[in-house]
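Colleague: Combine the two chains into a complex, taking the hints into account.
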Amino acid sequence: MTIWHKWIMIFVLLIICFASIIFAISIGAKNIPFITVWTSIFQYNSEDNLHQIIYDVRLPRVLGAVFVGAAFAVAGTVIQAITRNPLADIGILGINGGAVLLVTICFAFYPAISYGWLTFFSFIGAALSTFLVFSIGLVARGNLSPLTFTIAGAVIAAFLHAISSGIAIYFDLNQELAFWYAGGVAGVTWRQLPLLITIVIVSIIIATLLGKQLTILSTGQEMASSLGINIKFLLFTSMGVIVLLGGVGVAVGGSISFVGLIIPHLSRKFIGHDYRWNIPVSALLGSTLVVIADLSARIIFAPKELALGILIAFIGVPFFLVVAKKLEGT
Amino acid sequence: MFRISAHDIEVKYDKNIILRDLLLHIPDNSISTIIGPNGCGKSTLLKALTKILPYSKGQILLDGQALTSYKTKDLAKKMALLPQSQIAPSNISVRELIAYGRYPHQGNFGILSSQDQEIINWAISKTKLNDVENSIVDSLSGGQRQRVWVALALAQQTDIIYLDEPTTYLDLAHQLDLMKLLKQLNVEENRTIVMVLHDLNLAARYSDYMISMNSGQIVKAGAVDEVMTTDNLKQVFQIDAVISEDPYTKKPICLSYDTSL
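Same order as they appear, the protein sequences are chains C and P. First residue of the first sequence: 1, per the numbering used here; consecutive thereafter. First residue of the second sequence: 1001, per the numbering used here; consecutive thereafter.
Bound conformation, chain P alone (with noise of 0.2 Å):
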């Protein structure tokens, strides 16, 4: 089933259009990845769907309903979003910045019952940052602050979690060990998990779903095999790739490429 989908949706960024009559399906409980070439609406099309951006036409539906007709705070009972770049206040600790996850569900205030703190405990476990929870969010590492705002975004405890670029600034085994960490959320508690990556052999290994677009509108959508073949990379990226099979996952790969002309 599809808990959120997008039909034939315009988003424009003052007067430019930047995604056209735009219709998707995300599947539930799966891990769904979009690919494409630079400024191809990918960001833009995370932000419509988590009601960053406005559409000016079409809709988008979340559990039935218009997302527009959320209010925000329910919305963020309902989806996380982890953007592209995200800024820590100075001198907060690391527990401090996850309990902020905790917000939709508190009042205004911002009052911490004792399960809110329970909640913030498991992020920080899932995230392993037991041992750095009290130092300050600035003097950690580039993988271990990236891991503190996915720590964040679980706190929110959604069911649907997007992500923008999430493994840029980690090397290759942290790179690995945040998707491994999204498979397990999806597997083990049945998240849906929607994102947008670079790389498109790391989107192949961990996706179910993968959604390719270019010039703001999507070219193919589907399962991986589907979407990661040459013609489809040709389209999308005007590169001609040579597919092979990941000898480790037995997911297509990307082995080689050059720009085509």
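Isolated chain C (complex conformation) (with noise of 0.2 Å):
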């Protein structure tokens, strides 16, 4: 694949992407024209009965979706990358068990907590748990092999979900959290938006620049430290920003990683194995998969809403499956 076919690629993405976010906006409870959606973005008129419903709720749940699925897609992809586990997401670090367990803990004790402080609460817990297994992998082998990791993520998951369980039985809040937990970008607000772009757009920023090195680390760790890898920096900056778009994923959309699972499978098919174009990829398909998902989850039972996770899920899978089975052996 020659360097124009892969910016043709992202080209087309892109145009898909963008799509699929007017489409996104214009589609609902009352259909609006596409040239009405252009018109409230670019000449906003406050007067205007469509372009309110559009900028107070059309709008920052799409942008919910956009943003929430590339980080998700970005996670994903360079979690894989490091541990050069084509089946690890960010559950392996346990992001999710964090995060499930403050907002049980937040429901336990304070059901009143607004959605602003539960978001807050669940990116916190997904830093500390996230912080735990790095810290019980350093402990435990002093050394950072991504086996390590692995394994303490898979027992830290499992212990915080085993809290998380009793919590939530001892309480009775296991409808609040099925809720919670089938994830969606339903309530998000423009108040939440600022940080979620910033902290995705800078993420996926960082993570492209890593690019290079996260390629080279694909011939095992011994051969990236002597062609100049600094192998300790490389895993440190690379969690740092698992962490982060993990973290404010997983506290904006809810349980939704499956993301994460598919699309570096499906951004590695199209683009390859070098990651200073996957991670892009990865993030443009992320985008638009979660918009499409959560336009599915409005429309599909309108005026009832299906929960995001599920679409995600009934739409990836196939999908999926066919661009596996498509492409395998190119």
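Please note that the accuracy of each hint is not assured.
As the list claims (entries may be wrong) - If we take Cβ atoms under 8 Å as the criterion, some of the chain C residues that face chain P in the derived model are: (1) 30; (2) 51; (3) 52; (4) 212; (5) 216; (6) 220; (7) 223; (8) 225; (9) 226; (10) 227; (11) 229; (12) 272.
Hints were generated in silico from the structure; no laboratory data involved. Think of the CB as a built atom: it goes at the ideal place given N, C-alpha and C, for glycine as much as any other residue.
Modeller: Here it is, written out as structure tokens:
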């Protein structure tokens, strides 16, 4: 694949992503013409009823989907790169487990907690559990082998999950939790977006800059080290990126980390093993998938809404299977 | 002279001491081979010399400076390592993989210059991979694949090349081809080559300097005919070896051996 093919691929994916955004804004309980969507963004008129719907309801939700999708996809790509495990996702760093535990504690002790604080605490939970996995991995073996992390992550995740379940049963919280756990970007407001967008964009830029090093890491740690890659620095920075992306993704979108499992595969099939290209492509694919899934969640059984996580599984799995089959051996 | 030397180093893996009080000088512009039984610390020594494993005591010097004071990337401009096992990313072409060898000389984002391309071409033709340069690495035979990794190390353009058992998986002719290539690099371009080999006769045939190890220490290091002796091999491998002279190369050769009691 030449460099031009790759640029064309990026361009096409960008157009598809943009088109899905426009669609998602325009379709809903009230269908809005594309042209109105366009003018509402570039010539916002606060008197216009449709413009208000777009600005207050649909745009924040769609932007939430775009950046949550990109966050999970890139977090998944980076974690698969550093663990060299194609089945890894952010779950193995205990990110979900930590977020769920703090959210459960919040529901148990402060049932009236606002959505904003819930987001904040789930991010803290994600960061704390990753830190825990990281420290255990380091203390146990004194080195940073991917296997150590995978094991430490699995153990911590199971442990946190057990505590969460215990609290949930004791305080009878299963309904609230199930709703939160199913994930979704329905509640995203303008207040959360600046932070979400900043974190996601900065992290993706850092991840892309690490792209060459991550690519070389796929030859193994010893080989990469002898090619001049500072393995410790690379792993630490990558971990930081994963915590930021995974944490903010779980906090805003709930547990839809399945995105982070399948998108890296699709991205590899589309553009190959070079992470300088792989990471931006993952971001675009992740955004598109979550935007389309969220749109489907709203419209399939309107006015009822389906859980986003379920839709992602329904859209993602068949698509994943088809692409994997089609591109096999190429 | 000795650009590379280790002074009373100790290397631990978890809590086990693998190398202790090891003293070593690698002669410049020569081929040095480390031999020894399984688990004697050969690979560990190679990893310590390439800064992949840290040492807990002593000092390793490279060009008069402590190895630990080098940045990883600066080190990669001076020395290349072919580890025992390598992983080729799936669907990568021979040329793309060899291009990784240019990474230490590039900016962080890894854009290849025309000079990089020339060096890659040179590495490809040195290792006779011209016919397969656009093939997928996974589709190559074991011998070709090993040559790709050697080419990658060559593309790194370092004065010093370390190789950990580079002849594993190669048939007799390919083993010899690889050794001849290393000899050529050593003679024509003054590269210092340090490798671990299991095959004593191959080691004796191509080395200028041999280092025999046992239990994390050096038993004897020196010229080939000093190390390839019945006494020394008994001490290192616990074998009774019959040492003769190779009619082709006039080097010592281990004709036969038995495990000693």
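Colleague: Hint by hint, note whether the structure agrees.
Modeller: Here is what the structure says about each hint:
1. Interface restraint check for residue 30 (chain C): the shortest CB-CB distance to chain P comes to about 46 Å, outside 8 Å, so the restraint is violated.
2. Interface hint status for residue 51 (chain C): violated, as the beta-carbon distance to the closest one in chain P is roughly 42 Å, over 8 Å.
3. Using the Cβ-Cβ criterion of 8 Å, the hint placing residue 52 (chain C) at the interface with chain P is not satisfied: the shortest such distance is roughly 44 Å.
4. The beta carbon of residue 212 (chain C) is positioned within 8 Å of a beta carbon in chain P (closest approach about 4 Å), and the interface hint is therefore held.
5. This hint holds: residue 216 (chain C) has a C-beta 5 Å from the nearest C-beta of chain P, less than the 8 Å allowed.
6. Hint status for residue 220 (chain C) relative to chain P: holds, with the closest Cβ pair at about 5 Å, below 8 Å.
7. Of the supplied interface hints, the one on residue 223 (chain C) holds, with its beta-carbon coming within about 6 Å of a beta-carbon of chain P, less than 8 Å.
8. The restraint placing residue 225 (chain C) at the interface with chain P holds, with a minimum CB-CB distance near 5 Å, inside the 8 Å limit.
9. Hint status for residue 226 (chain C): holds, given a least beta-carbon distance of 4 Å to chain P, under 8 Å.
10. The closest approach between the C-beta of residue 227 (chain C) and any C-beta of chain P is roughly 5 Å, which is under the 8 Å cut-off, so the hint is satisfied.
11. Among the interface hints, the one on residue 229 (chain C) holds; its C-beta lies about 6 Å from the nearest C-beta in chain P, closer than the 8 Å criterion.
12. Look at residue 272 (chain C): its Cβ gets to within about 6 Å of chain P, closer than 8 Å, so that hint holds up.
When the structure is compared with the earlier hints, violations turn up for hints 1, 2, 3 and for no others.
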